[in-house]
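> Each chain sits in its own coordinate frame; assemble them with the hints.
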Amino acid sequence: MNSSHSRLKITVLQVLVAVVFLLCWHIATTTPLFAEPKKMQFFFSTPIDVLARTWKQFTGGEIWYHLGITLTETVLAFVFGATGGVLCGFLFARKELLAAVFDPYIKAANALPRVVLAPIFALWFGLGIWSKVALGFTLVFFIVFFNVYQGVREVSQTVLANARMLGMNERQLMRHVYWPAAMTWMFSSLHTSVGFALVGAVVGEYLGSSAGLGYKIHEAESVFDVTGVFSGMLILTIFVIILDTLVTMIENRLLVWRPGQASTSANG
Amino acid sequence: MLGSGAIGVAADASVRSGAQPAAPAVSLAGIDITFNLKDGGRYQAVSQINLDVAPGEFVAVVGPTGCGKSTLLNAAAGLLQPSAGKVGILGEPLKGLNLKAGYLFQLDALMPWKTALQNVAVALESQGVAGREADERARAWLARVGLRAFTDRYPHMLSGGQKKRVALAQVLIRDPKILLMDEPFGPLDAQTRQIMGNLLLDLWSKDRKAVMFVTHDLEEAISLSDRVVVMSAGPAAGIVGDYKVSLKRPRDIADIRLDKDFHEIHRQIWQTLKVEVQKAYAAGEGKDMISDGAIAGDGR
Chain A
1 MNSSHSRLKI
11 TVLQVLVAVV
21 FLLCWHIATT
31 TPLFAEPKKM
41 QFFFSTPIDV
51 LARTWKQFTG
61 GEIWYHLGIT
71 LTETVLAFVF
81 GATGGVLCGF
91 LFARKELLAA
101 VFDPYIKAAN
111 ALPRVVLAPI
121 FALWFGLGIW
131 SKVALGFTLV
141 FFIVFFNVYQ
151 GVREVSQTVL
161 ANARMLGMNE
171 RQLMRHVYWP
181 AAMTWMFSSL
191 HTSVGFALVG
201 AVVGEYLGSS
211 AGLGYKIHEA
221 ESVFDVTGVF
231 SGMLILTIFV
241 IILDTLVTMI
251 ENRLLVWRPG
261 QASTSANG
Chain B
1 MLGSGAIGVA
11 ADASVRSGAQ
21 PAAPAVSLAG
31 IDITFNLKDG
41 GRYQAVSQIN
51 LDVAPGEFVA
61 VVGPTGCGKS
71 TLLNAAAGLL
81 QPSAGKVGIL
91 GEPLKGLNLK
101 AGYLFQLDAL
111 MPWKTALQNV
121 AVALESQGVA
131 GREADERARA
141 WLARVGLRAF
151 TDRYPHMLSG
161 GQKKRVALAQ
171 VLIRDPKILL
181 MDEPFGPLDA
191 QTRQIMGNLL
201 LDLWSKDRKA
211 VMFVTHDLEE
221 AISLSDRVVV
231 MSAGPAAGIV
241 GDYKVSLKRP
251 RDIADIRLDK
261 DFHEIHRQIW
271 QTLKVEVQKA
281 YAAGEGKDMI
291 SDGAIAGDGR
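Protein chains in written order, with the numbering used here: chain A, 1 to 268; chain B, 1 to 300.
Just so you know, these hints were derived from the structure itself, not from any lab. Some hints could be false.
[What the hints assert, rightly or not] Cut-off 27 angstroms, straight-line C-alpha distance, at most; resulting in silico cross-link-like pairs (DSSO-like, lysine-lysine):
1) B/260 to B/274
2) B/244 to B/206
3) B/86 to A/95
4) B/274 to A/95
5) A/107 to A/95
6) B/209 to B/86
[Unchecked claim] Computed spacing ranges between beta-carbons, pair by pair:
7) B/152 to A/23: 33 to 43 angstroms
8) A/222 to B/152: 53 to 63 angstroms
9) B/127 to A/83: 31 to 41 angstroms
10) A/94 to B/95: 16 to 26 angstroms
11) A/183 to B/217: 12 to 22 angstroms
12) B/93 to A/91: 28 to 38 angstroms
13) A/6 to B/160: 14 to 24 angstroms
14) B/41 to A/100: 23 to 33 angstroms
Note that this is a predicted model, so its numbers are computed, not measured. Don't be surprised by glycine CBs; every beta carbon is placed ideally from N, CA and C.
Chain B with its partners taken away, still in its complex shape (with noise of 0.2 angstroms):
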């Protein structure tokens, strides 16, 4: 069941935000989650899932491929209905879309007849704010993720390095409490991944938005956030471990990992999340009906 190992002195994420505890920015509570197949069988993706994320912490999900973590994070962000359970965001039962968070995408999810600064300016729309003040603040965290040289480059003319950064500045620039991410660095290359690693924690520490990280990929997980979660295999996930990080801050993703207690946390997640990954691996191709990117708004 819950694995609870911690390295060096975990903090309590209320102590860090303060005197009184603050209402987790995420709160899931009994979460099922349950689609319907198109042979008109169920599939339960995650049963009884609780987390919750306090505000300021970086959470990070792992666990196998197809085991329900996106679906969970979908969950969180409105986008589907959980079946049973509860989410709250901010102390506050969640209703519709979740419009105080940030959600970053795995797939191209850039408006692909907009160019950087449109895609970027337009996210302010909801807001309220447009025209020239939209364009100079876009502008502005194009310039903070690096691009300044590219704001009118539609998407096609861009890496795929160089999107992930306009999906950041698109998500951040409305300023969102909480930041959703569906393995958003999945789809690049290892150095660059490292890049947008560096380059999201040093955006975050300015900050500290509550993060729900969701990745296959644990090493990544353990050098980004404070916690890692790890999900069972699928059907029927729910949270088999959940993790301290206590690595000191500020961090560099490509160091960190040479250090000594990093290889100790590692090999501590590794040994529970091995067994979920094989008894995934077991299951087969079999349940590749539901895969992990399943989208957005099936649910609702």
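Extracted from the complex, chain A is given alone in its bound form (with noise of 0.2 angstroms):
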């Protein structure tokens, strides 16, 4: 950010892109400017319309179950995930047979597109939330693993022998350098792999389940209630930012050590 302009110019700007943004839709859509106003707003609704919808959704409180059922999913996806990728990535960076031998069939497993799963999770898991969490599993998994696998091997090699000659056993090298080191870049791929989790969650619902964001989502697109739709992202937007917030302050916290520490983008 630029520091020559002040935080106040910026967040005035900012505002007006939004109301800039929403006149333009409110313009379009309620006056006979580009077509008919009952055509427009079957295609795209109103920014009114769609703010009235969510304030109800909240207000209803039905909402808050669904938002509950795709929270649980994300944190259990993100939760199993990445201790996976975290065990892998530290028991394959420490050996190297099993790296070598693993290494086509784990490329293959990531390059898989993960959504064609969703189906067979489905008929594996049911519909309820535990084939939300797979599918949200396997995108973490391999993030995380990427990420821990690649930070172990790569640890300061000055660090490690400076620990080997301060008389440290493979078991204090593991606590005090080995760990630390895949900590950190699990860390370091967090809003990442939260955001992968959500992925997993809402798509997982999208495709077949009875609860949850994607399962609104889903639902108001059937009956072409697009008010419902664009009520659906928004709700899903503000959720996925208040996550990311979330995750920004764990984040600061656990990487007090780092120096100018850069975050990663978020991926909802």
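Right, here's the structure in full:
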């Protein structure tokens, strides 16, 4: 961010962008400028309708249930995926034979677009939350795995040699050098992996479920309720922003030792 | 071959350490170190090195860049295995890592995820000291190297000189019998190097550990040490000069460089070193594949 522009000026301009966007949307859909308003509203809804619907959803209470489901799936997918990724990344980085043998299979598995697994997971784990968790897991696992694998292998040789010269045994090296290095890389992929956990959950819900934000959006789409679709997207966006802010807070706290900590971009 | 230009009375190391001659702190006998290169070739870094460091002696090893002096130090540390020859530490043959020695690296070797205090305290863990006692001792050592106010800083919040101070405390807290130093002040600016040099001498004078100090800076070598060993340009570098430095102690690194005797010693050693430096330059960039800083562990 350019420091020569004041914070206030930037905020005002940011708000202005939103206002102009909403105004254009409003004019386009409520005046006969481009087409008949009724027709335009069928395709694009209006900003006021979307905001009103979103407000009603939040005050109505039903949406909280769906948010809760999506959040649960996201968190579970992240926790399982990250745990698996850290453990496997760690193991592979320390056991070269294992890494060499499994290398082509891991690459192949990662190359597969995960969306095609969604129906299979629905078949295996049912339409409840576990098929979505499984989908999120396959996304999160590989991100964390590759990061940790790389991170542990690229631990500074000098730091390692120094720790050895300080008399550390394998267990102590693990605790003071390898493990913190692995954790660092896991946290540096935190934004991306949380984002993908959410993608897994929402896509899974969208393709087959009876609850969650993805389900709500899909439901609205199936009856051509454009207002409902946009409202669902808005809620999803708010949800992602809150989640991302939380992740940033956690990251800043855990990676306090890092110089000029640069965070990865969000991927929700 | 061996030039033995001594100024003043060259006291034999064994005389200083008492009546019975103690075993050398570090004894390198007939050391050859050969690396396997990636292209399948072999590169002999050092050849037939014989070097003893007596207990309490401060020996500086100088040589042109790339001559294998760090490699030699790594052999003394047990970080790499010589292809021939014997490494003896305090009279015993070295097996595995040399844990009687503290090693100060040229590059940053602190754990970036630990504070200065944690970095120093963790060095005691292998001696079974942890928790509050380790913290207290680490705090005392950080105070001794002048970092009382910086205990909770992470390495990236410290300047280059401060990081070296932490590294020094980390090494010395274990009270090693031997100090191995690989151009430790190389990356620092001139003033900081002098300050660090004086700090090192001050700490060293308290219990006189045996020191093997590798540097390419001849002035630094003379101002710190009791003895300067000159290595030839690689490949297959050997020792081409061994000089006593009998300047009085305690010394001030900055002041001693103005001393008349300092200039005389410098002139003598430089005559030997200059030839090797010119050889190294003439050989060109071709052998950069084995850099002098080559670390640690590849030979094992």
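> Are the Cα positions of residue 86 of chain B and residue 95 of chain A separated by 27 angstroms at most?
violated, 32 angstroms
> Checking one constraint from the list: CA of residue 244 of chain B to CA of residue 206 of chain B, max 27 angstroms. Satisfied?
Holds, because 21 angstroms separates the two Cα atoms, which is no more than 27 angstroms.
> May I ask you to test the hint 28 to 38 angstroms on the CB atoms belonging to residue 93 of chain B and residue 91 of chain A?
holds, 36 angstroms
> Given the hint of 14 to 24 angstroms, check if residue 6 of chain A and residue 160 of chain B actually sit that far apart at their C-beta atoms.
Violated, since residue 6 of chain A and residue 160 of chain B (Cβ atoms, about 35 angstroms apart) do not stay within the stated range.
> In this structure, is the beta-carbon distance linking residue 94 of chain A and residue 95 of chain B contained in 16 to 26 angstroms?
holds, 24 angstroms
> Has the hinted range 53 to 63 angstroms been met by the Cβ atoms of residue 222 of chain A and residue 152 of chain B?
With Cβ atoms ~58 angstroms apart, the hint holds.
> With respect to the beta-carbon atoms only, verify the hint that residue 127 of chain B and residue 83 of chain A lie 31 to 41 angstroms apart.
holds, 34 angstroms
> Kindly confirm whether 23 to 33 angstroms is satisfied by the beta carbon distance between residue 41 of chain B and residue 100 of chain A.
holds, 25 angstroms
> Straight-line Cα separation of residue 209 of chain B and residue 86 of chain B no greater than 27 angstroms?
Answer holds: residue 209 of chain B to residue 86 of chain B is near 22 angstroms, not above 27 angstroms.
> Can you confirm whether the C-alpha distance between residue 274 of chain B and residue 95 of chain A stays at or below 27 angstroms?
violated, 47 angstroms
> Do the alpha carbons of residue 260 of chain B and residue 274 of chain B lie within 27 angstroms of each other, as the hint requires?
holds, 21 angstroms
> Evaluate the given range 33 to 43 angstroms for the C-beta pair formed by residue 152 of chain B and residue 23 of chain A.
violated, 52 angstroms
Hints 3, 4, 7, 11 and 13 from the list above are not met by this structure, while the remaining hints are.
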